[in-house]
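Novice: This is what each chain is made of:
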Amino acid sequence: MDSLMNWFAMNGYGSYIWTAYALWALGFAWLIGGTLLGRKRVWAQLGDQQRRNALKAAQGDNEQRNSEQS
Amino acid sequence: MASRFWTWLHKKGSPPVFYDMADRWAPWLGWLSLIAIAVGLFGGLVLAPTDYQQGDSYRIIYIHVPSAWMSMFVYMFMASMAAVGIVWRLKIADAMALTAAPIGAMFTAVALTSGAIWGKPTWGTYWVWDARLTSELILLFLYLGYIALYNAIEDERTAARAAGILALVGVVNIPIIHFSVEWWHSLHQGPIEINLTEKSSLQPSMLWPLLTTMAGFQMLFFWALLRRTQTLVLTKEIAAKWVKRLMESKA
Chain A
1 MDSLMNWFAM NGYGSYIWTA YALWALGFAW LIGGTLLGRK RVWAQLGDQQ
51 RRNALKAAQG DNEQRNSEQS
Chain B
71 MASRFWTWLH KKGSPPVFYD MADRWAPWLG WLSLIAIAVG LFGGLVLAPT
121 DYQQGDSYRI IYIHVPSAWM SMFVYMFMAS MAAVGIVWRL KIADAMALTA
171 APIGAMFTAV ALTSGAIWGK PTWGTYWVWD ARLTSELILL FLYLGYIALY
221 NAIEDERTAA RAAGILALVG VVNIPIIHFS VEWWHSLHQG PIEINLTEKS
271 SLQPSMLWPL LTTMAGFQML FFWALLRRTQ TLVLTKEIAA KWVKRLMESK
321 A
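One line per chain: the protein sequences are A and B, in this order.
Residue 2 in this note's numbering is what sits at position 2 of the first sequence, and the numbering runs on without skipping anything.
Counting from 1 along the second sequence, just add 70 to a position and that's the residue number in this note's numbering.
In isolation and in its complexed conformation, chain B is listed as follows (with noise of 0.2 Å):
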C-alpha cells in the first residue's frame, strides 16, 4: 500500500506530468479567480451597506481579510511543500514551496499596508507594535528570509533543504498570528465569525462579497503558483527531452 502511494507520489510529482496537469487547470483557475473577484468587490463596493459604527471605511476589508487569510495559507503550504521536499526529495514540492513564497510575500504586504491605512480613520493611526500586527510583520520576514537563503545558495539541494527548515520553524507563528486578537489584549477587532448555518458576524449583504473575494483570491494564487511552477522547471529541465517534445507539439 505504502509502496503504491510513493510510486503515485513520485509519478504525479514528475516533470512532464505535473506540467500537463497544470495546463487542464490554470486557465479554469484564471478566469474563474477574474470573475470571483470582480463578482466580490462589485458586492462588496458598491452593494453592500454602510457599516453603523465604521462607515464606508470597513469597505477596505475585502482585499485587507482575503490577503491577509492568503497570508497565512500560502505559508502552509509553502512550509507543506518545504516538508513534503525534505523528506521525500519530490523536486517539484521544493519548486512550488520556491513558487509560493513571493506570492505569500505579496498578499502580506497588502494585508499589512490595507491594515495601515484602514487603521488611520479607525484608530487614528497608520502602525501599533500591536501583536497582531507585529507577528503579521514577522511573516512578511520569512517570506523575504525564506526568499534570500534559497538564492543565497548555490547548490540547488542544500538551499532547498536550508530553506525548507527555515519555513518549518517560522510555522510557529501561525498560530501565534490567528489567535493574537485573542490571548493579548490587542487593538486589532476580533475575528470575523463565518457561520454558514447560523448566524454570522457579518450581515449577510456584506458577508457573500467577502466570501467571493476570498475564492477569488484563493483560485489567483493557485493559478499563479501552477504557471509560475511551470515556467521554473521549463527553465531547469530546459535540456530534457519531454521540453523538446513539448516545443515541438507548440511549434
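Isolated chain A, as found in the complex (with noise of 0.2 Å):
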C-alpha cells in the first residue's frame, strides 16, 4: 500500500502529472466517445429511415390494392 501511494506522489510532483494525465483522458474520451456516438446516431438515423421507406411502401400497396377493389 505504501509503495502505490509513493508511486502515485511521484517524488511530490503527483499533482502536476495526474493533473496533466486528467486532462489527456478527457481529451480522449471526447475523441473515442464523440466518434462512437456519432456512429451510433447516424445507423439509428438510417434505422428510422429505413422503417418509414417500408411504412410508406406498405401505405402505397394498400392504398393501389383498395382503388383496384373500388
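Because the hints were derived from the structure by calculation, they are not lab data.
Take every hint as true, because none was put in to throw you off.
In silico lysine-lysine, DSSO-like type, Cα no more than 30 Å apart, as pairs:
| id | chain 1 | residue 1 | chain 2 | residue 2 |
| --- | --- | --- | --- | --- |
| 1 | A | K40 | B | K81 |
| 2 | B | K82 | B | K306 |
| 3 | B | K314 | A | K56 |
Can you join these two chains into the complex? Each is in its own frame, and there are hints to help.
Specialist: Following this line, the structure appears as C-alpha cells:
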C-alpha cells in the first residue's frame, strides 16, 4: 500500500502529472466517445429512414389494392 | 499511366469503396492503438526510471510529446487532403480534411495544456510567450479557424475550397513550430533526438515507452479518422443506393 502511495505521489510531482493525465484522458474520452456516439446516431437515423420507407411502401400497396377493389 | 492513376484514385475515393476499406482497417487500428497506449503508459509511468535532472515531472512527456507530434502530423495530413480536394475535387479527401480538423485541435490542446503543466515545476511558470509555445497556440487557432470557416459557408464545395486554402496557407507554421527551438533562444528544450541505430538523447528504458505511445496515438488518429469519415459519408449519402444496400446487409 505504501509503495503504491509513493508511486502515486511521484516524488512530489503527483499533482502536476495526474492533472496533465486527467486532461489528456478527457480529450481522449471526447475523441473515442464522440466517434462512437456519432456512429451510433447515424445508424439510428438510417434505421428510422428504412422503417419510414418500408411503411410508405406498405401504405402505397394498400392504397393501390383499395383502388383496384373499388 | 496518368489516366490509370486518376481512375484508380477516383475508384478508391468513391464512398462505397472507402466505406468497405475503413470497415476492414478500423477495428485493427482501434484495438492495436489501445494496447500500444496502455503498454507505453505503463512503461512510462511505472517501469521507466526517474530522471536525474527533472525528477518524475518528466513523465508528462509520455502524453506531451506524442500529442505535440500528432498536432503537426494531423495538420500536414489535413492540408494534404485539402489540396487533393481542391486540385482533384475528390469528395472523400474534403471529408477527411474536415474530419481531421477537430482531432488535430484536440491533440494541440492536449500538447499545450500538458506542456503548461510541465512548465510550472520546470520553468516556474505555466506560460511564456516563447516561439515554440506561441507557434503551437497559433496552430490551435488555425484548426479552429478551419472548422469555423468550413461551417460558416453554406455551399459545401465553396466551404471545402475556402477552408482548404486556409489550411494550405497555415502549413507555413509547421516548420516554424519544429525549428523554433533552433532558430530562436527558446525556453523550451531542444528536440529529443531519436536514433534507432546510434545513441539517442533519451535512455532506452525511457525511449521505448515514448515510441510505443507515439505509435498508439498515431493508430488512434487513423481509427478515429476512418470511423468519423464513415459517419460523415453516411450522413451525406443517406439517400444513395449503396447506403440502402448496406443497411439491408446489416439488418
